[in-house]
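Line by line, the protein sequences are chains A and B.
If you're matching positions, the first sequence starts at 1 in UniProt numbering and goes up one per residue.
If you're matching positions, the second sequence starts at 1 in UniProt numbering and goes up one per residue.
Please note: incorrect hints may appear among the correct ones.
Calculated cross-link-like contacts (lysine-lysine; reagent style DSS-like; alpha-carbon spacing at most 25 Å) [to be verified]:
1) B:Lys-123 <-> A:Lys-256
2) B:Lys-87 <-> B:Lys-143
3) A:Lys-71 <-> B:Lys-143
4) A:Lys-255 <-> B:Lys-44
5) B:Lys-77 <-> B:Lys-143
6) B:Lys-207 <-> A:Lys-71
7) B:Lys-123 <-> B:Lys-66
8) A:Lys-71 <-> B:Lys-210
The set of hints was computed from the structure by calculation and includes no laboratory data.
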Amino acid sequence: MKAAFRSAHSFFRSLNPNPHLTSLLLPLRLTLLTPPSPPSLRPQTFPSLSATLSSASMPGGEPLTPPPLEKQFDDFRAQLEESGTLRERIRAVVMEIESTTRLMHSGLLLVHQSRSTPEVLEKPKGQIGVLKELYNRLAEVVRGSPGQYYRYHGDWRTETQTVVSLLAFIHWLETGTLLLHTEAEEKLGLNDSEFCLDVEDYLVGICFMSNELPRYVVNQVTAGDYDCPRKVLKFLTDLHAAFRMLNLRNDFLRKKFDGMKYDLRRVEEVHYDVKIRGLTANGAPVEDQGPQGPP
Amino acid sequence: MLKLQRLSLAMALKPHRLHSIADTTSQSGPKKARTTTTETSSMKDAFSKYADSLNNLNDKRERVVKASRDITINSKKVIFQVHRISKHNKEEVLQKAEKDLVAVTDQYISRLVRELQGTDFWKLRRAYSPGVQEYVEAATFCKFCRTGTLLNLEEINATLLPLSDPSLEPLQINVLDYLLGLADLTGELMRLAIGRISDGELEFANKICKFVREIYRELTLVVPLMEASNDMKTKMDTMLQSVMKIENACFGVHVRGSEYMPLLGSDDPTSFLLAVPDVEI
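Put together the whole structure using the sequences plus the hints.
Structure, rendered in structure tokens:
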């Protein structure tokens with residue numbers, strides 16, 4: 001049969017010098033001789049040769065095993081390579097997110113150097129738009145493989161937690177309230193259903209923000225804002241109480257939450273020190289003027 | 001007088017410090033009371049939402065872990081059943097194993113299918129991956145003993161389709177879990193090969209040897225592309241060990257086999273095993 005095919009092929013070739021026409025004609029004429037097969041000679045002979053070889057060496061005499069096995073692994077390779085390139089694209093965006101957060105963070109650090117808050121916040125707030133744009137791009141990249149958000153989640157997880165902590169800190173400095181999950185999503189433009197802000201990432205980010213507060217309080221007091229500890233303490237106490245509503249597993253979030261009580265204690269100590277020395281105005285709570293009251 | 005008041009205030013702070021969490025509304029002044037309660041309650045509302053979503057997720061994860069464990073246990077049983085194979089009972093042993101495997105699919109995999117939807121497949125992958133790997137191992141093991149071929153991922157996934165509601169997204173085993181399951185398969189095949197050699201089924205052992213080599217070779221190309229492939233790398237090392245054990249056993253029989261062939265028919269298989277000391281490494 002093979003020999004017949006081969007000779008028939010060469011026969012047609014010799015008859016007709018135009019290979020395109022040959023390949024068009026061949027399947028039509030050879031259907032009588034062979035089952036449908038690729039019209040070119042090479043692919044026809046090679047797999048069948050290796051198949052006969054291996055089936056001859058197989059003691060059980062298996063019919064044509066190797067091609068599907070190889071083919072499956074070739075497919076896997078293609079699939080995995082594809083997800084590898086997707087991952088690289090994700091990482092490229094995430095790196096930009098990271099450098100943006102670094103800029104924001106260093107800008108925010110000025111808050112400890114007794115500058116006025118609106119002035120300090122100006123630059124970091126400008127970066128929020130950049131972040132939003134970057135998350136938009138990230139969502140775009142991930143949209144290509146629906147349902148696989150959590151396959152690549154690890155690649156932007158820590159960066160996103162940092163982003164949340166910075167946004168929440170800025171928000172708190174401005175309003176004295178907690179940035180809620182939906183508000184954080186809104187700021188990052190992530191209200192679309194597929195690419196969202198993971199709740200646990202949000203909560204971890206909030207814990208990170210809490211870590212920032214003791215230092216803030218200490219420096220504010222040093223700069224003469226004696227009412228600051230009271231406000232921060234109030235906020236942190238509420239936050240801690242809210243966190244206690246959650247049933248956490250023994251994971252990273254649990255660990256961060258456990259750390260929050262040390263922030264709380266530190267702020268309480270500062271508050272106590274200020275209060276016991278009578279440094280707060282008349283020792284009584286004053287009218288709230290936002291977390292950054294005039295000294 | 002003023003000083004005394006301050007002191008008592010400071011004293012009042014003490015118990016608060018100890019408890020860390022106390023009702024804070026009592027602390028803030030009456031003027032502030034209104035705004036703080038609304039702030040606090042909005043925070044509380046939000047956190048009760050987070051608590052709900054975390055609870056749901058944890059409950060689901062717990063159920064998935066349980067389902068995964070059941071799949072593991074029962075897939076192991078299937079594998080043990082296949083190991084009971086011998087020269088004369090092949091058909092009945094495999095029939096029972098295949099029946100058990102179908103039972104695993106219908107009873108336990110279907111439970112997993114009901115839990116997982118949409119993004120869960122990747123989010124909870126760590127919770128169900130061990131069970132699915134074991135299942136892949138059992139299914140491919142049965143298939144190899146039956147036909148000598150590799151059960152493809154597509155074929156396994158096709159058997160899972162009827163389990164789920166057609167309107168929902170079906171559970172499809174992902175490439176990573178399939179490959180991890182395949183890596184474990186070689187360990188079972190190694191055991192099977194050694195058993196077959198001691199039972200005198202040298203052709204079958206040779207077939208296993210070729211098959212396992214082929215899988216190892218294919219995997220060497222795929223593994224570097226896998227994400228979080230540390231797990232897989234250790235599996236590759238064990239796999240190479242398995243391949244070599246089979247090869248050494250086959251070598252032992254090939255080189256010295258003729259001397260011991262007469263023993264094959266005897267009812268003392270251990271004497272044959274003693275002839276291939278390189279079997280156990």
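Consistency of the hints with the structure:
no. : hint                    : in the structure
1   : B:Lys-123 <-> A:Lys-256 : 21 Å, holds
2   : B:Lys-87 <-> B:Lys-143  : 17 Å, holds
3   : A:Lys-71 <-> B:Lys-143  : 18 Å, holds
4   : A:Lys-255 <-> B:Lys-44  : 21 Å, holds
5   : B:Lys-77 <-> B:Lys-143  : 15 Å, holds
6   : B:Lys-207 <-> A:Lys-71  : 20 Å, holds
7   : B:Lys-123 <-> B:Lys-66  : 16 Å, holds
8   : A:Lys-71 <-> B:Lys-210  : 17 Å, holds
The structure meets every hint from the earlier list without exception.
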